[in-house]
Amino acid sequence: MTQFYGYTRPDGSIGVRNHLLVIAPIDCSYEPAKKIASQVEGAVAITQYHGCGNDAVVAHNLIGTGLNPNAAAVLVLGLGCETLTADIVAEGIRPSGKPVERLVIQEEGGTIKTQEKAVRILQRWAQEFAELRREPFPVSKFTLAVECGGSDATSGLAANPAVGVACDKLIDDGGTVIFSEPQEMIGTQHILARRAVSKEAADDVYKMIDRDEARLKAIGVDSRWMSAGNIDGGLTTIEEKSLGAIRKGGTRPIQGVLWNDWDKFDRPTRSGLWLQDGTGWDVPSVTHMVAAGAQVVCFTTGQGSTTGHAVAPIIKITGNPVTYTQMEDNMDINAGTILDGFESLNGVGDRIYKAIIETANGKKTKAEALGFADYIVFCRSRAAEHMLGHC
Amino acid sequence: MVKKAIQIDSKDNVATATGEVEAGRQVEVIGPDGRVILRPKVSEPIPFGHKLAIKPIKVGEHIIKYGEVIGVATRPIEAGTWVNTNNVGSARMPTKGKEEGIL
Numbered sequence: 001m002t003q004f005y006g007y008t009r010p011d012g013s014i015g016v017r018n019h020l021l022v023i024a025p026i027d028c029s030y031e032p033a034k035k036i037a038s039q040v041e042g043a044v045a046i047t048q049y050h051g052c053g054n055d056a057v058v059a060h061n062l063i064g065t066g067l068n069p070n071a072a073a074v075l076v077l078g079l080g081c082e083t084l085t086a087d088i089v090a091e092g093i094r095p096s097g098k099p100v101e102r103l104v105i106q107e108e109g110g111t112i113k114t115q116e117k118a119v120r121i122l123q124r125w126a127q128e129f130a131e132l133r134r135e136p137f138p139v140s141k142f143t144l145a146v147e148c149g150g151s152d153a154t155s156g157l158a159a160n161p162a163v164g165v166a167c168d169k170l171i172d173d174g175g176t177v178i179f180s181e182p183q184e185m186i187g188t189q190h191i192l193a194r195r196a197v198s199k200e201a202a203d204d205v206y207k208m209i210d211r212d213e214a215r216l217k218a219i220g221v222d223s224r225w226m227s228a229g230n231i232d233g234g235l236t237t238i239e240e241k242s243l244g245a246i247r248k249g250g251t252r253p254i255q256g257v258l259w260n261d262w263d264k265f266d267r268p269t270r271s272g273l274w275l276q277d278g279t280g281w282d283v284p285s286v287t288h289m290v291a292a293g294a295q296v297v298c299f300t301t302g303q304g305s306t307t308g309h310a311v312a313p314i315i316k317i318t319g320n321p322v323t324y325t326q327m328e329d330n331m332d333i334n335a336g337t338i339l340d341g342f343e344s345l346n347g348v349g350d351r352i353y354k355a356i357i358e359t360a361n362g363k364k365t366k367a368e369a370l371g372f373a374d375y376i377v378f379c380r381s382r383a384a385e386h387m388l389g390h391c
Numbered sequence: 001m002v003k004k005a006i007q008i009d010s011k012d013n014v015a016t017a018t019g020e021v022e023a024g025r026q027v028e029v030i031g032p033d034g035r036v037i038l039r040p041k042v043s044e045p046i047p048f049g050h051k052l053a054i055k056p057i058k059v060g061e062h063i064i065k066y067g068e069v070i071g072v073a074t075r076p077i078e079a080g081t082w083v084n085t086n087n088v089g090s091a092r093m094p095t096k097g098k099e100e101g102i103l
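Which chain is which? The protein sequence lines are U and L, in order.
Quick note: the first sequence, position 35, residue 35 per my numbering, numbers continuous.
Quick note: the second sequence, position 92, residue 92 per my numbering, numbers continuous.
No lab work stands behind these hints, which were simulated from the structure alone.
Using N, Cα and C, we set each Cβ at its ideal position, and we do this for glycine too.
Hints are not guaranteed to be accurate.
Unchecked claim - Partial list, computed: chain U residues near chain L (C-beta under 10 Å): (1) T111; (2) I112; (3) Q183; (4) A193; (5) V197; (6) S198; (7) D210; (8) M226; (9) D232; (10) P253; (11) L388.
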């Protein structure tokens, strides 16, 4: 049975990192939050970039990131007059039982006084969590997110199918996988729905993808259209194009859709393969899947990517051997060996699965070693969603 | 080096060329487990990233890639033939062809 080594959290979830998360629930407190985080080892600051509203999607995702087991402890740093207050975010995370503190700059009397308190809190946590030891757990306690970005003709041919092989292995061992980017599923609704474990899950698959088609149609884009570039690149139908993207999630049955909207923010309720109602933009898509509980991310790319996430390690895999050579500083795995016949698809899939477990066990990804900590929450226009009849 | 094409799923009846294949050249078709499953000679040049049939496919038969139906043959396709919008249409929606869009 495949195991990984992680840190037990009070709610029974298992972290693979011990990040000290500093959440600025409003952009106004993000600069102080970054300065504070920069002073303590293991601390990382995030914010939401959507201004001073209390958007439930933003709140769900900030709270979700705080609940992610890779966050060992959370300091919420508010300004004081924001709508999405430090208290709302802190109270959302508190049920996890992990240490949660809140500080408000207007109450403390400015950033210097706040900073002193904040740094002391983080310093104490940094010392305490350094003593925590990793223990072995079955991969039934493990969730992987898969994402693609900067794709090229090798993505659907090498990197995505190889990651799909790794996803199948993880799921067969009892683990959980989330994949998203519903825009890239257009044309494969019937295939994904056929793989759904229940009628409810199948209906949700259609609902999620049809909504993305409707959003595109509303702005005059026919998403079923194949571009000249797609056809010149070797794609023949929209099904083929989308299958190349969804293959990165593997081939196992689909447990359901994880909704990510104002009314609902779902997390996987059992092991297996889940779709998330996310976005096609890389950084926010990863943000949403990590907020739903993913501990590690596999990111496939053709042209190359630099991305890392604030609390989850991102393993970057390219199917393009030229990209691997040119951007080796940022690429973790070369799946381009499949193209020359040096390695089989299944062989690279095995290698990726091994890398996922090694990363979970503590090996740093290249993005982590370079300190990249992306974080963006994507928010749809609620007014537009209302007009489309989606809420 | 021998030109290669990858069969992504063992159910597929097409494989994808991993480099430009010139007309008359033999291509090694590699299955997901790394074994060479076929060595067809291609009748026309096949660009990188494009598909070739690894079995004869009749008109109306499904084109299978990723283990799923990606389209339907609109012309008979011999093994080793280039598979593209000229001999395959979408099974779900009519494809009018390049630059014309769908629906």
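Can you list which hints this structure breaks, lowest number first?
-> Violated hints (numbers, rising): 1, 2, 3, 4, 5, 6, 7, 10, 11; every other hint is consistent with the structure.
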